[in-house]
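Residues per chain, in single letters:
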Amino acid sequence: MKKVLALMLAVLTLLAFTGCGTTTNKTAETTPQAKVEKVRIALVLPATVDDLAWGQSMVEGLKAVQKTMGADKVEVATSEKLGNPVDAGAAIRQYATQGYDIIIAHGSQYQSVLMDIAKDFPKTTFAYGSGFTTASNIFAYDPQAQEGGYLLGMLAAMTSKTGTVGIVGPMESGDAVTYNSGVQQGVTKGKADVKTRVAYTGSFNDIVGAGNLAKTEMSAGADILTGSSQQAVGAMRAVAETKGNYWLSTDMDQSSAAPDTVLAAQAYNWEKVVTKIIDLRKQGILGGQHLILSFADGTIDLKFNPKLADKIPAAAKAAVEQAKADITSGKLKIAVIKK
Amino acid sequence: MEGVMNSAIIISILATGIRSATPYLLAALGEMFTQRSGVYNLGVEGIMMMGAFVGFYATLHSGSPLLGIVASLGIGGLMGLLMALVSVTFKAEQGISGIGLYMFGWGLSGLLYRLYVGGITSINGLQLVKIPLLSNIPFLGPIFFDQNVLVYTALLLVPLSGFILNKTSWGLNVRAVGNKPEAADTLGVSVERIRYECLILGSMLAGLAGAFLTIGQANMYADNITAGRGFIAIALVYFGRWNPWGILLGSLLFSMADSFQSMVQVLGINFPYELAVILPYVVTIIALAISFGRVWAPAALGKPFQRGTRG
Numbered sequence: 001m002k003k004v005l006a007l008m009l010a011v012l013t014l015l016a017f018t019g020c021g022t023t024t025n026k027t028a029e030t031t032p033q034a035k036v037e038k039v040r041i042a043l044v045l046p047a048t049v050d051d052l053a054w055g056q057s058m059v060e061g062l063k064a065v066q067k068t069m070g071a072d073k074v075e076v077a078t079s080e081k082l083g084n085p086v087d088a089g090a091a092i093r094q095y096a097t098q099g100y101d102i103i104i105a106h107g108s109q110y111q112s113v114l115m116d117i118a119k120d121f122p123k124t125t126f127a128y129g130s131g132f133t134t135a136s137n138i139f140a141y142d143p144q145a146q147e148g149g150y151l152l153g154m155l156a157a158m159t160s161k162t163g164t165v166g167i168v169g170p171m172e173s174g175d176a177v178t179y180n181s182g183v184q185q186g187v188t189k190g191k192a193d194v195k196t197r198v199a200y201t202g203s204f205n206d207i208v209g210a211g212n213l214a215k216t217e218m219s220a221g222a223d224i225l226t227g228s229s230q231q232a233v234g235a236m237r238a239v240a241e242t243k244g245n246y247w248l249s250t251d252m253d254q255s256s257a258a259p260d261t262v263l264a265a266q267a268y269n270w271e272k273v274v275t276k277i278i279d280l281r282k283q284g285i286l287g288g289q290h291l292i293l294s295f296a297d298g299t300i301d302l303k304f305n306p307k308l309a310d311k312i313p314a315a316a317k318a319a320v321e322q323a324k325a326d327i328t329s330g331k332l333k334i335a336v337i338k339k
Numbered sequence: 001m002e003g004v005m006n007s008a009i010i011i012s013i014l015a016t017g018i019r020s021a022t023p024y025l026l027a028a029l030g031e032m033f034t035q036r037s038g039v040y041n042l043g044v045e046g047i048m049m050m051g052a053f054v055g056f057y058a059t060l061h062s063g064s065p066l067l068g069i070v071a072s073l074g075i076g077g078l079m080g081l082l083m084a085l086v087s088v089t090f091k092a093e094q095g096i097s098g099i100g101l102y103m104f105g106w107g108l109s110g111l112l113y114r115l116y117v118g119g120i121t122s123i124n125g126l127q128l129v130k131i132p133l134l135s136n137i138p139f140l141g142p143i144f145f146d147q148n149v150l151v152y153t154a155l156l157l158v159p160l161s162g163f164i165l166n167k168t169s170w171g172l173n174v175r176a177v178g179n180k181p182e183a184a185d186t187l188g189v190s191v192e193r194i195r196y197e198c199l200i201l202g203s204m205l206a207g208l209a210g211a212f213l214t215i216g217q218a219n220m221y222a223d224n225i226t227a228g229r230g231f232i233a234i235a236l237v238y239f240g241r242w243n244p245w246g247i248l249l250g251s252l253l254f255s256m257a258d259s260f261q262s263m264v265q266v267l268g269i270n271f272p273y274e275l276a277v278i279l280p281y282v283v284t285i286i287a288l289a290i291s292f293g294r295v296w297a298p299a300a301l302g303k304p305f306q307r308g309t310r311g
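Here the protein sequences come in this chain order: A and B.
Under this note's numbering, the first residue of the first sequence is numbered 1, with each subsequent residue one higher.
Under this note's numbering, the first residue of the second sequence is numbered 1, with each subsequent residue one higher.
Since the hints were derived computationally from the structure, they do not count as laboratory data.
You may find that some hints are simply not true.
[Stated by the list, open to error] Here are the simulated lysine-lysine pairs, DSS-like style, with alpha carbons at most 30 Å apart: (1) Lys161/A x Lys307/A; (2) Lys91/B x Lys180/B; (3) Lys272/A x Lys333/A; (4) Lys130/B x Lys161/A; (5) Lys180/B x Lys243/A; (6) Lys317/A x Lys333/A.
[Stated by the list, open to error] The following residues of chain B were derived to be distant from chain A, with all beta-carbon distances above 10 Å: (7) Ile9; (8) Ser20; (9) Ser62; (10) Thr89; (11) Tyr152; (12) Gly162; (13) Asn219; (14) Met220; (15) Asp223; (16) Val266; (17) Tyr273; (18) Ile278.
Heads up, the beta-carbon is just placed ideally off N, CA and C, and yes, glycines get one too.
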């Protein structure tokens with residue numbers, strides 16, 4: 001009896017698999033026509049869709065793309081909490097098998113996994129970032145986080161009353177290095193004698209640890225703080241609980257969560273980046289380009305919190321606006337200084 | 001680099017150290033009771049996540065952190081009951097059931113947050129309570145007597161746990177059940193009942209440890225907020241040799257080392273941050289390696305009790 005059952009199960013499983021295979025093939029066959037009609041985008045995130053940082057900024061960018069192009073023209077599927085590249089790889093492969101046109105793996109840690117998978121799906125467009133290594137069907141996007149970091153650093157130095165700016169970092173790698181380097185140069189430019197305190201938690205998602213680090217930096221005199229990655233909201237919250245200390249956010253504008261604390265923000269415009277990927281794909285370019293996000297092409301923006309406008313000295317605002325114009329025009333270039 | 005470690009900086013290091021030792025202390029004291037009764041519960045991290053979420057949620061909706069504390073104790077107790085059902089009544093392998101409980105807590109807390117809250121939402125958590133007179137003592141006052149109520153609770157639980165374990169008849173039963181369950185059984189002590197009680201008590205404290213993170217420190221919730229603290233708490237039970245004072249020492253050593261390394265980084269003392277962040281782990285391992293004396297563990301730890309067989 002058991003054997004019969006096992007056999008039946010095996011047959012059923014086989015049928016199910018064949019069934020899946022057929023559906024996928026159909027999708028693959030219809031893709032060339034469907035591509036013109038409707039773009040299917042899959043997004044893989046290391047953290048959550050509502051992390052108020054890196055992940056959420058991309059989710060909102062995709063929503064904007066949907067709004068502009070029409071919800072019937074763009075389909076978006078999202079998988080979150082896939083920080084581990086191996087788990088993410090399984091999700092990416094599934095999306096590719098299901099015939100998604102563009103698969104965005106939103107993290108630098110996905111580079112090698114994508115390089116491996118993309119070979120098996122030559123008709124699919126893949127994108128990841130931050131990074132610069134591409135392949136024939138892989139785009140690499142690369143926010144110049146140091147540009148906004150520089151502007152926020154200037155703002156911090158010229159607004160600080162204690163003469164100390166604090167950076168709560170995750171790990172000294174990738175975007176954090178790029179951003180922090182910009183902030184440090186900006187602080188020095190804004191006011192040469194203002195000190196920058198930099199420390200790392202050694203994690204990307206330890207919000208309690210980030211909060212403690214922010215408290216430690218404030219006890220060492222910092223009154224304007226900033227930091228990147230999804231744990232940064234923990235630090236922002238710790239700053240929000242004090243009086244007279246302020247936060248500068250990056251990746252996206254975090255002032256919605258702390259309207260009395262976030263002075264200004266560097267925000268990425270993913271809508272433009274994704275629209276560009278869609279357009280290139282329509283032209284038959286499936287990858288191979290290093291897409292740079294910068295002030296010059298409007299993919300990075302600086303946002304001030306109108307509610308706290310009176311906390312920023314007029315001279316500081318003017319200097320920052322000038323520097324922003326210089327960066328946008330290409331007159332001022334901010335390099336990333338690595339240790 | 002600034003070589004000056006003035007007293008304000010030292011006070012800040014020590015006060016932060018005491019505060020961040022609290023979740024370890026609460027969770028490890030709870031796990032100590034569980035293990036002393038012969039069960040190891042590797043699900044502490046998952047229970048902490050549930051405690052963190054439920055405590056946060058209750059505080060968010062009632063506006064009262066006190067209610068958050070009660071709710072986190074409640075959910076901890078329920079998770080403990082579940083663990084007891086699986087590992088004591090059904091006699092499942094304890095390590096595996098604990099890991100299962102951890103994954104369950106992780107998944108469920110994230111799901112509930114997504115369903116009922118979502119996004120970044122903050123709450124008004126526990127306020128600092130200055131203890132009159134004592135908080136005015138120079139140096140020691142701001143370190144020990146200007147903290148929130150859960151910090152005081154955790155510190156008071158150390159002597160209290162020692163007393164319960166060593167001086168009460170219930171404590172005697174716990175120790176007997178953890179060492180010689182057959183003997184305890186012969187004397188009419190219900191092994192299963194004691195293990196249920198210890199798992200529930202231990203898990204309540206783990207739930208409280210989780211709530212400390214959301215309503216006593218971060219004042220918000222985010223996915224995976226415990227960030228491995230539950231597993232460190234389990235290690236601290238071994239470090240503390242199943243003794244509350246040993247656990248206090250381990251928790252303080254670990255947290256003080258962590259708080260110290262943060263300050264070293266912030267002050268810009270020229271020291272690679274990669275080495276700084278592993279300092280607490282290194283210090284704990286070294287202390288564990290050089291501390292001598294016989295290594296003692298509850299004899300029946302990890303063994304389900306079956307009447308009529310030898311553990």
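Hints, one by one, checked against the model:
Annotation: proposed proximity of lysine 161/A to lysine 307/A holds, straight-line Cα distance about 19 Å (limit 30 Å). Under the criterion of a C-alpha separation no larger than 30 Å, the hint pairing lysine 91/B with lysine 180/B is consistent with the structure, at around 17 Å. This hinted pair checks out: lysine 272/A and lysine 333/A have alpha carbons roughly 22 Å apart, not beyond 30 Å. Of the pairs offered as hints, the one joining lysine 130/B and lysine 161/A holds, with about 29 Å between alpha carbons and a cut-off of 30 Å not exceeded.
A hinted pair counts as satisfied when its Cα atoms are at most 30 Å apart, and lysine 180/B with lysine 243/A does not qualify at roughly 57 Å. Our distance criterion of 30 Å between C-alpha atoms is met by lysine 317/A and lysine 333/A, whose separation comes to about 19 Å. A beta-carbon of chain A comes within 10 Å of the beta-carbon of isoleucine 9/B; the shortest separation is about 7 Å. The beta carbon of serine 20/B is not kept farther than 10 Å from every beta carbon of chain A, the shortest such distance being approximately 6 Å.
A cut-off of 10 Å between C-beta atoms confirms that serine 62/B is not in contact with chain A; the least separation is 20 Å. Distance check for threonine 89/B against chain A: the nearest CB is about 29 Å away, which clears 10 Å, and the non-interface claim stands. Against chain A, the non-interface label of tyrosine 152/B holds: every CB pair exceeds 10 Å, the least being about 19 Å. Consistency note on glycine 162/B: stated as away from chain A, and its beta-carbon is indeed over 10 Å from all of that chain's, at 28 Å minimum.
A Cβ of chain A approaches the Cβ of asparagine 219/B within 10 Å, the least distance being about 6 Å, so the stated non-interface status is violated. At the 10 Å boundary, the C-beta of methionine 220/B falls inside the reach of chain A, the nearest C-beta of that chain being 5 Å off. Annotated as non-interface, aspartate 223/B brings its C-beta within 10 Å of a C-beta of chain A; the closest such distance is 5 Å. The Cβ of valine 266/B does not lie farther than 10 Å from every Cβ of chain A; its closest approach is about 5 Å, which violates its non-interface assignment.
In this structure tyrosine 273/B is not separated from chain A by more than 10 Å, as the shortest Cβ-Cβ distance comes to only about 5 Å. Distance check for isoleucine 278/B against chain A: the nearest CB is about 8 Å away, which does not clear 10 Å, and the non-interface claim fails.
The structure is inconsistent with the numbered hints 5, 7, 8, 13, 14, 15, 16, 17 and 18, although it conforms to all the rest.
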